[in-house]
Each structure stands twice: as structure tokens, then as C-alpha cells.
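J.: Top to bottom, those sequences are chains A and B.
For the first sequence, counting from 1, position 84 maps to 84 in our numbering; every step adds exactly one.
For the second sequence, counting from 1, position 235 maps to 235 in our numbering; every step adds exactly one.
What the hints contain is simulated information worked out from the structure, not anything from laboratory work.
A portion of the hints provided could be inaccurate.
Unchecked claim - Computed cross-link-like contacts, DSSO-like style, restricted to lysine-lysine with a CA-CA straight-line distance of at most 27 Å:
#1 B:Lys-141 <-> B:Lys-117
#2 B:Lys-241 <-> A:Lys-35
#3 A:Lys-32 <-> B:Lys-225
#4 A:Lys-95 <-> B:Lys-80
#5 B:Lys-135 <-> B:Lys-91
#6 A:Lys-39 <-> B:Lys-39
#7 B:Lys-57 <-> B:Lys-225
#8 B:Lys-176 <-> B:Lys-249
#9 A:Lys-23 <-> B:Lys-80
#10 B:Lys-141 <-> B:Lys-246
#11 B:Lys-158 <-> B:Lys-39
#12 B:Lys-249 <-> A:Lys-35
#13 A:Lys-68 <-> B:Lys-225
#14 B:Lys-57 <-> B:Lys-44
#15 B:Lys-57 <-> A:Lys-10
#16 B:Lys-30 <-> B:Lys-44
#17 B:Lys-80 <-> B:Lys-98
#18 B:Lys-225 <-> A:Lys-35
#19 B:Lys-80 <-> A:Lys-102
#20 A:Lys-32 <-> B:Lys-241
#21 A:Lys-93 <-> A:Lys-39
#22 B:Lys-141 <-> A:Lys-39
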Amino acid sequence: MASGILIRSKTSNGVTLVRASMKHPMETGQRKDSKTGEKIPAHFIQVATFELNGKVIFIANLGPAVSKNPYISFKFKGGNKDDTIKLSWVDNKGKSESGEGKIS
Amino acid sequence: MKRLLLIIMTIAMTAGMVFPIHADPAHDVKVFQDFFKKKFPDVKFDDFGNGVYALDKQLRSEWEITMEFPPFELQLEEGKKLFKTPFKNGKTYASCFKNGGKNIAQNYPYFDVKAGKVKTIELEINECRESNGEKPLEYSKGQIASISAYIHSMANGKRINVQIPDHPAALAAYEKGKQFYYARRGQLNFSCAHCHTSTAGMMIGGNILSTALGQTSHFPAYRSKWGELGTLHRRYNGCNKQVRAKPFKSQSEEYRNLQYFHTYMSNGIPLNAPGTRF
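Next comes chain B alone, as it looks inside the complex:
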């Protein structure tokens, strides 16, 4: 009997060692959000979704004028048109998304337990195309950004509500994303957290660093630098280049896991996509 117990204990311990997951996302998100609430006591929680415009009055007034006639409108119209254009087999994008694509973007990215990976809207747009016999679109800009922006815009105002199921693979993806966020990279040896957590709100060059909280709420975004809409992964790509690191590909596992962590950290912020940024 004693021996049996010992065996069971050994198995239990090894099992514990094989999956050393101590992730506690619910705790992480509280710490993460409390940090910003404490750092910027004057900023209302919902306002974090407006990035640097929540922090600087001057920039905000310029931005408000821009938003009266936003530069992305033509592209958003194009996205709407593309979304509603049927494929050759007669089906549309709406057939691939729950609720026809309406009011779903706040739940993305989510962990698909069957596929064992994090799914983003852009990834699903291309999966949708492939399952309907169309060629996949190029990620990060152009049509995919327009369509994704339209899907996001249909959920505007809904609070980000990313779920992390209690599944080892999902928690592992979350942990990997978290690791990416806090790991130093590139020749400049910066992590995402260096700029967007600890020194958020301070100046870098001529720009104000935005807070990591709320960054995902307005993507795909129109950046003056791009002159068009781009996806979140295009922005990650630019961030990585700025610290002189080799960027990963759009929709790579690394960026999807990062997006999973990054968006989860902004849970509760209302969606306001697409945004305009400089």
C-alpha cells in the first residue's frame, strides 16, 4: 500500500514537472491594469484605449479634429464592400464568422483548443478564403487590413473580453506571449515592457510612449506614417525593428501569442477600431 502511494506520488510529481505551468492570468491582468491606473490617476479607464491622446491634451485636440473626417474612411468602405462581396462559390465572409461577423471582435484573439493555437481575425479571414477555394491574402496591410478593420468596427464599443481557457496549451500560449512581452530583444536590448509599461507616458525622440493598456483596442489602425490601414502585427513588426531586432512574420506563432497576452491585458477596454495614429 505504501509502495503504491509512493508510485502515485512520483507520477504526480513528474507530471507536475513536465507541465510546470504556474500561469495565473487573472492575477496578472489585475497587477498590469492597477499599475497603469496608479501611474495615470487622472486618466479614466476607458480612455486608455485612445493611447497617447489620453495622456496629452495638445495631441488630443489635433486628433479630435482628424477624427471628424477620419482618413481611413475610404478604406473602411472598401473593407465593408469586400466583406459583403461573395466568393466564387456564392458564400461570403459572414458565413465563416459567428453572428455574421457582428459584435465578435472583442472576443479575439481566442485559443482554439482543437487547432491548438491562438486564432486572430486576420488568420480566420484567410482560413475562410482557403476553405472557400480562394487564394489567401497577404497579411499585414491592404485588403486584409480593410476587411479586419470592418469586422472590428462592427464591434466598436464592446469591451475587450479575451478568455483564457483552463487548458495547458492555452496557458502555455499565454505564457509565451507574456515572455515575449517582458523579454529583452534586439541590439538595443529593449523589451516591450521597457517602453510601454515602465516608461509609458514619457518621451522617446519626439513622441510620447503609449501605455500597453489599450493598445490593441484600435487596430487595424491608420497611421500617418503608413498612409493606410495596417494590422497589429504590422505594428509589432515596426516595434521590433525600432529596437533593432529581426521582426517575426505577421501571423507567426510568436506574434499571435504576444497578441493573445497583449489583448488579454486590455480586457475591459472598449473597442474603438480603426484608430488614427501618427
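So here's chain A without its partners, still in its complex pose:
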């Protein structure tokens, strides 16, 4: 698992609950550096994509309004034990990261 991504999912009665958190500064571009007075450039996740066994199941468009280290949680019908949930994100600087977790 990548160091900055945590995913945990649990299935019960045919519904899977996915919980994930990503390490990211999520700078809005509005904050100023208290020492130099210069604006801190915007740096935030734009798209977070969740895949179940390689098939996209959930896309979140995030923006500067989302807080630092975003946490996303959602439920979906289906999903079996030991299926793989993959989360990948792309930020406005073009950086990306991904991580995987198995459904328990």
C-alpha cells in the first residue's frame, strides 16, 4: 500500500462500505505564508477514482474547498470478500498516487 493512502472496506448483506483517507496538503491558493506574505500556490486533489477489480465504481471531483488529508466514504451494492478496491488520485499539479485494499 502506498504510504499516503489508507483504504478499508467491509461487506455485509450485499452492501460494501468503503472508507478511505489520502494524505494531501489541499492548499486552496488563498492562504498566505505568514513570514514572506506571499500566496501559497494552490495544490489540491482534483479527481479521486475508486475501482473494484479494475472497474471504475466511484469518481469524486474534489476541489480547493476540501480539507487537508481528505476522507471519503461511500457504500455500493455488490462487492465480495477479498475483492480489491483501488483508489487513485490526480492533483492540479499533475501528480498522482494510488493505493489498494482488500474487502473484508
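Got chain A sorted already, so can you dock chain B onto it with the hints?
T.: Just chain B now, kept in the frame of chain A:
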């Protein structure tokens, strides 16, 4: 002969006056804990370590959901990684702590008779860095909080077991901490005890005051206000500011002595670090 006896008696009396220590920590802790047991008869002793969540059902249910996916996990992982990363000379933090850092946090803070001061985990982390030729970390938040949280988490479930050796300097440190806890300070003229002993469980602003018993068990803690892990001394700092007193520095003698007293008062409470608080 009579004269000799008189001299001996005078010496004994002066000696007694030079060190007027009447500290009885064992008695203090009993009185302190009995007070809370009596005040909150429905709360189980171990549950005091959960702070306000032991007192309020609504808050507790919210907190339990938070703890299913706690917000500090990424930072705790970072702490684990830092703890295991060797220094330039190849040694790791584990070489500085007894038992490699495992199951030791319940004994902290302790009084180091040789150094003549109270030692906390954060202090020892930095001592460890310095003795291995690394620069000390900044106290109270960031990496030091992550590493300290990891060391604390390795002792989770162990009951706090702070010892106060029968040594004048140790007892003096304990007394100073006790004095800090009960002394009024700041423009609001509050002592720690005003909020966290006598009015614990009551509301202040929109919040419930937690009991002093068990407060130290879950630090370093993640506070929503901070958005990250912070040490106990960072919390002391905030407390002092809230009563409009000038805070002391993290790991200052004052706060270490306070932590010594404060943690000793929670002896027997199981560690549950890091905690999440709002």
C-alpha cells in the same frame, strides 16, 4: 552527654526544616481517585481514560464511529516508520529505550535520580537523537508527536504505573507538579483543579469538562482543532492560554513536573494512545 544530645537534636531539626517535604503521593492518589469514583459512580474505572466520552452517551456514539477509521492513522504510520528508520550512525530509536520501546510507555514520566529531573518520552526521543549526532526535533507537534504516539501505542492496554521514588528530589518534583495543578493562574484566575476536578463533567461553553483522572492516558492525541497529533504539553499550553496565562515551553521543568503529578494521579488507568478528541 546532654549537650551532645542537644546538638544532635538541633541538627535533626534544622535538617527537617531545610527539607520540609511532607509529600505522601500514595495517599494523594487515593483521595484523588476516590473523589472521581464518588462523583461519577456509573463510570467504570478503566473508562475514565476515554475522557468526556465516558460521561456523555451522545458524544460517545460519535466518537466510536470516528474510531472505526481514526484520523491519526496516517500519522501513526509515519511515526512507526520514523521510529524504525536508522540514524546516520546506523542505530535506531529502539537502542535508546528499554525493551526496544515496547511496553514501556506506562512507566513514563519517571524521575531520573542521576539527572535530577523528570523524564518524558519526548525528552528522551530528543536526547536519543542528540546522543546519536542528530539534530533535536521541535517539541509539541509534528514528527516528535508521531514517534511518541507510536511508542505509546506499543504499550496500549498496559496500566499507567508511574513510580515516585523515596528521594527528596523526586518528591520535590512531585510537589511542584501538585502545586502547579492546584495553583490559580492567568487573568481568569483558574487552576487546573477548578475545571478538571471540582467541576469536571459540567459544561464550559459548548464543551464538557473532562476529568483529570485519565487525561494523560491517550496522549499524544489527535484533536480536530489541531488537525494532527499533538503532545500533552501542547495541550497544557492551550489550557494555560484559555485561562489567559502565559504558557510555559513544551518540556519545560514546570510542565514535566505537572505531567509527573498528573500522570501519577491516573495510575491504574490503561493506556489508549493516541486518542481522538475534538
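J.: Now tell me, hint by hint, if it's right for this structure.
T.: Now for the hints, and whether the structure bears them out:
For a cut-off of 27 Å, the pair hint linking Lys-141 (chain B) to Lys-117 (chain B) stands: about 22 Å separates their Cα positions. Our distance criterion of 27 Å between C-alpha atoms is met by Lys-241 (chain B) and Lys-35 (chain A), whose separation comes to about 23 Å. Distance check on the hinted pair: Lys-32 (chain A) and Lys-225 (chain B) sit about 20 Å apart at the alpha-carbon level, within 27 Å; holds. The straight-line distance between the Cα atoms of Lys-95 (chain A) and Lys-80 (chain B) is roughly 26 Å, inside the 27 Å bound, and the hint therefore holds.
The straight-line distance between the Cα atoms of Lys-135 (chain B) and Lys-91 (chain B) is roughly 15 Å, inside the 27 Å bound, and the hint therefore holds. Distance hint between Lys-39 (chain A) and Lys-39 (chain B) is unfulfilled; the C-alpha atoms sit about 52 Å from each other, more than 27 Å. Restraint check for Lys-57 (chain B) and Lys-225 (chain B): satisfied, since their Cα atoms lie roughly 21 Å apart, inside the 27 Å limit. In summary, the hint linking Lys-176 (chain B) to Lys-249 (chain B) is supported, as the alpha carbons are separated by about 16 Å, within the 27 Å threshold.
Restraint check for Lys-23 (chain A) and Lys-80 (chain B): the C-alpha separation of about 16 Å stays at or below 27 Å, so the hint holds. Proximity of Lys-141 (chain B) to Lys-246 (chain B) is assessed by CA-CA distance (about 19 Å); at most 27 Å being required, the pair is judged to hold. A C-alpha spacing of about 25 Å is found between Lys-158 (chain B) and Lys-39 (chain B), which places the hinted pair at or below 27 Å, so the restraint holds. At roughly 22 Å between alpha-carbon atoms, Lys-249 (chain B) and Lys-35 (chain A) fall within 27 Å of each other, so this suggested pair holds.
For the hint linking Lys-68 (chain A) to Lys-225 (chain B), the alpha-carbon distance of about 13 Å falls within 27 Å, and the restraint holds. Distance check on the hinted pair: Lys-57 (chain B) and Lys-44 (chain B) sit about 14 Å apart at the alpha-carbon level, within 27 Å; holds. Our distance criterion of 27 Å between C-alpha atoms is met by Lys-57 (chain B) and Lys-10 (chain A), whose separation comes to about 26 Å. Taking the CA atoms of Lys-30 (chain B) and Lys-44 (chain B), the gap is near 16 Å; set against the 27 Å cutoff, the hint holds.
Pair hint Lys-80 (chain B) plus Lys-98 (chain B) holds up; C-alpha atoms about 17 Å apart against a cutoff of 27 Å. Of the pairs offered as hints, the one joining Lys-225 (chain B) and Lys-35 (chain A) holds, with about 23 Å between alpha carbons and a cut-off of 27 Å not exceeded. Under the criterion of a C-alpha separation no larger than 27 Å, the hint pairing Lys-80 (chain B) with Lys-102 (chain A) is consistent with the structure, at around 22 Å. Our distance criterion of 27 Å between C-alpha atoms is met by Lys-32 (chain A) and Lys-241 (chain B), whose separation comes to about 25 Å.
Taking the CA atoms of Lys-93 (chain A) and Lys-39 (chain A), the gap is near 16 Å; set against the 27 Å cutoff, the hint holds. At roughly 24 Å between alpha-carbon atoms, Lys-141 (chain B) and Lys-39 (chain A) fall within 27 Å of each other, so this suggested pair holds.
Hint compliance for this structure: hint 6 is the single one not met.
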